[in-house]
Structures are given as C-alpha cells and as structure tokens.
Amino acid sequence: MPKPRIETLLFQDDPEILFGSPTSTTYEERLCDLQTKYRGFSLVLPVDTPGLQQRLDLLYAKAQNELNELTLPRASVDRKPADPQQIITAFPGEYSLGRVLWQDPLCDMLAGRRTLDGETRSCTARLACEEGCNGFIQREAFVLNRMGADQTTDDPFHSHFRRYLPHMLGAFTADCGDEGMLNGVLLEDLTNFRSLEEVREAFPRGVEFQTAVWIFNRLLEGLGYAHSHLVIHGGIVPCNFLIEPTDHAAKIIGWNGAAVDPMRTFERISLKHDDYEDFYPMEVSDKESPTPATDIYMAAKCMVYILNGDMRTNRLPQSVPDYLQNFLRSCLIAAPAKRPDSAWELRREFDGFMRNNYGPPRYHKFEMRPRLRLVDDDER
Numbered sequence: 001m002p003k004p005r006i007e008t009l010l011f012q013d014d015p016e017i018l019f020g021s022p023t024s025t026t027y028e029e030r031l032c033d034l035q036t037k038y039r040g041f042s043l044v045l046p047v048d049t050p051g052l053q054q055r056l057d058l059l060y061a062k063a064q065n066e067l068n069e070l071t072l073p074r075a076s077v078d079r080k081p082a083d084p085q086q087i088i089t090a091f092p093g094e095y096s097l098g099r100v101l102w103q104d105p106l107c108d109m110l111a112g113r114r115t116l117d118g119e120t121r122s123c124t125a126r127l128a129c130e131e132g133c134n135g136f137i138q139r140e141a142f143v144l145n146r147m148g149a150d151q152t153t154d155d156p157f158h159s160h161f162r163r164y165l166p167h168m169l170g171a172f173t174a175d176c177g178d179e180g181m182l183n184g185v186l187l188e189d190l191t192n193f194r195s196l197e198e199v200r201e202a203f204p205r206g207v208e209f210q211t212a213v214w215i216f217n218r219l220l221e222g223l224g225y226a227h228s229h230l231v232i233h234g235g236i237v238p239c240n241f242l243i244e245p246t247d248h249a250a251k252i253i254g255w256n257g258a259a260v261d262p263m264r265t266f267e268r269i270s271l272k273h274d275d276y277e278d279f280y281p282m283e284v285s286d287k288e289s290p291t292p293a294t295d296i297y298m299a300a301k302c303m304v305y306i307l308n309g310d311m312r313t314n315r316l317p318q319s320v321p322d323y324l325q326n327f328l329r330s331c332l333i334a335a336p337a338k339r340p341d342s343a344w345e346l347r348r349e350f351d352g353f354m355r356n357n358y359g360p361p362r363y364h365k366f367e368m369r370p371r372l373r374l375v376d377d378d379e380r
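The numbering of the sequence shown is my numbering, which starts it at 1 and goes up by one.
There may be inaccurate statements among the hints.
Restraint ranges, calculated between C-beta atoms of paired labels, are given here [stated by the list, open to error]:
(1) 345 x 53: 25 to 35 Å
(2) 349 x 310: 19 to 29 Å
(3) 368 x 179: 25 to 35 Å
(4) 177 x 333: 43 to 53 Å
If you're looking for bench data, these hints aren't it; they were derived computationally from the structure. The C-beta atom is built at its ideal place from N, Cα and C for all residues, glycine as well.
Make the full structure from the sequences, and use the hints.
Right, here's the structure in full:
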C-alpha cells in the first residue's frame, strides 16, 4: 500500500499522524526528534501548492504544545494565603507558597518560603493561571534549564552573566482543586524586584536618562548571556524585565515564548503580549526566524517606554541627550539585517559611547517611591 502524500498528512488535525509517536524518553530528546522531522518536511514541501508551510507550522505548534504537557513532579499547593500544611516536597527541602505578588496573562508570581537543613528563606514561584497555560510554564523550565539557571558554578564568567536569569530551584505540577493541575517553576526570592511596568507607573514622565543607561546595560548583558546559549527571548517587554532599584540588580523573566537555536530548529516566537504590540519587530509579526537583533530591538523599545517616549514613532523627550537618542534609534531600525546583532558587542560599544559623551561610569541613585503592589485575594 503506497504511503500517503505529505499534502494529505498536512491536512489532518492530529499532529501525530504527520510526526509519529515519540520514541525518546526525555523532553529534550523528544523535542530534538520533533525539530528534526519538522526540518525534514520543510525541505520537501512542494513549492507549487500554497498554504502547505502554514499547515506544517500549525501542526508543529500543536505537536510542541502536546510535548510540553509532559508530567512533572506533583505537589499540592493552596492558591490562597499560605497554609503551613500546604507544602511542596518534590525537591530537597520544603516549600510553601503564599500571596500573589504580580500577574501576567499566563501566570501568577507567588511569594513563598523554602526550608532546607533547618534554615528558612524566601523564594518565589511562577504558577500557570490555568491548565491551558501549562505548556508555556513547562517551556520556561526547559529554556532556563538549557541556560544553566538551575546550576551553580565557580566559573566567574558564567556566574557574572547568569545572575541576570532567575535562579531556578525546580519545576512542579500543583493540584489546585477546581483550577486543575497547574505547572509551576520555583525561583529564587524576587520580592524586592520591580518590573519596568512599575517603573513607568512610578515615573510617568519618564526616568532620568542616567537610570535608563544602567538598565539598558543590564539588559544587554543578560541578553548576551542568553544569546551565547543560542536562546532568543522574543518577549522583552516591561513585565518581563525586573530591577532591584537600590543595588541595580536585574533579572530577565518570561522565557516561556523563547526560541532555542532558531537557525537550526526553525523555531519562531510563538507568544506575543497583546498589551505590547508596538514592542515587537517586523520579523516576529512576519513569522520569520528571530535573531539577537530581535531582542536588541525590544530592549531599545523598553528604554523608549521608561523614558516616556512615543511607542509608535520612538520619539523621545527633549530631556534625553541627542547622542543617547541616536544610539537607541540605531537599535530600532525596522530591517533586522541593519540592526546591531550582538548584545555583548553592543554593550561594549555603548560603554565607549557613553564614556565619550558623558564621562566614566558612576553610580546613579535610583529610588522607587511606591513599593511593589500586591494583588489581594479578593481582587482575583
């Protein structure tokens, strides 16, 4: 019996008919197998039949979503204020989760406590808002794992730059009663960090340009580390970049829509925040392969945002020096091939640029007047 033509397989609703059943055991092996098959099919698609690539992309996305539903260690978690009896024991130590710190469309960030060897410390967790978001949280754990966010190292290079990732303590599936089984990742304590959304809320007329400079530096260093692991974040929007105002620490979160080694895997940026449509460059909207230039564009957009610029035209207030405006404008060119494509190279260039125009680096005090807004249970 002859095998069905690929055109027939592409118009089946079940991706398993095209890609077959997984034979590997680990998530990473299964993902690699799926990507290999996707690339193979892309190379043999008939060019004279329109719509086939779109169908292949759709089935590939469905297959990825199904793969992301792999079972994780299970634990019982109470979404209400912390109950001492509601603890996670899937990892070394015990963890209790409490109040909601902030929310995004996919997950809640929860405050928590970790007890290990008799010592109790604070931690945080990102927990899916609903079962339909579980795949994105599983993806986030996978990407953080790839970049070594769950490890420790004595290598000063990796230690320095990996600090811009949230340290991951583990991943889990929580039984949340009527809300179902929800995936989550346990992270280091992030309760003292503020998102760029909160920065904009605290400084509606824009921050001083010196503040934007050190924030941009942190973003570029964190992105440089991710890009060295062939990971393109693709979602550098205000809710996904956190800063600690006093010591100028920073964390990039929201890795659930990232593309891993997109030139080899053909992955695209699969997740967009509707509230930040103007932050995404043309290659994301056009479903083209993302590159480091994609993240650099969005990082520059974040600077326009906290400086109270026009998000559509990228026009900045007159209080922002011309030399800084020109530098950011070079990162916001529509054509990705004309943008800077190395975050670390751009960081070095930016440092020299600021030294020539402003002088040597100096600490610039930055205070957030309002504290981190907590979400009360009654508001949920």
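query = Taking the CB of residue 345 and the CB of residue 53, does the distance hold inside 25 to 35 Å?
reply = Hint holds: Cβ distance 33 Å, inside 25 to 35 Å.
query = Should the hint that residue 177 and residue 333 are 43 to 53 Å apart at their CB atoms be regarded as holding?
reply = 50 Å, holds
ask   = Lying within 25 to 35 Å: is that true of the beta-carbon distance residue 368 to residue 179?
value = Given about 32 Å between the Cβ atoms, the range holds.
inquiry  = Between the beta carbons of residue 349 and residue 310, is the distance compatible with 19 to 29 Å?
reply    = Given range 19 to 29 Å: holds, Cβ gap about 25 Å.
No hint from the list above goes unmet by this structure.
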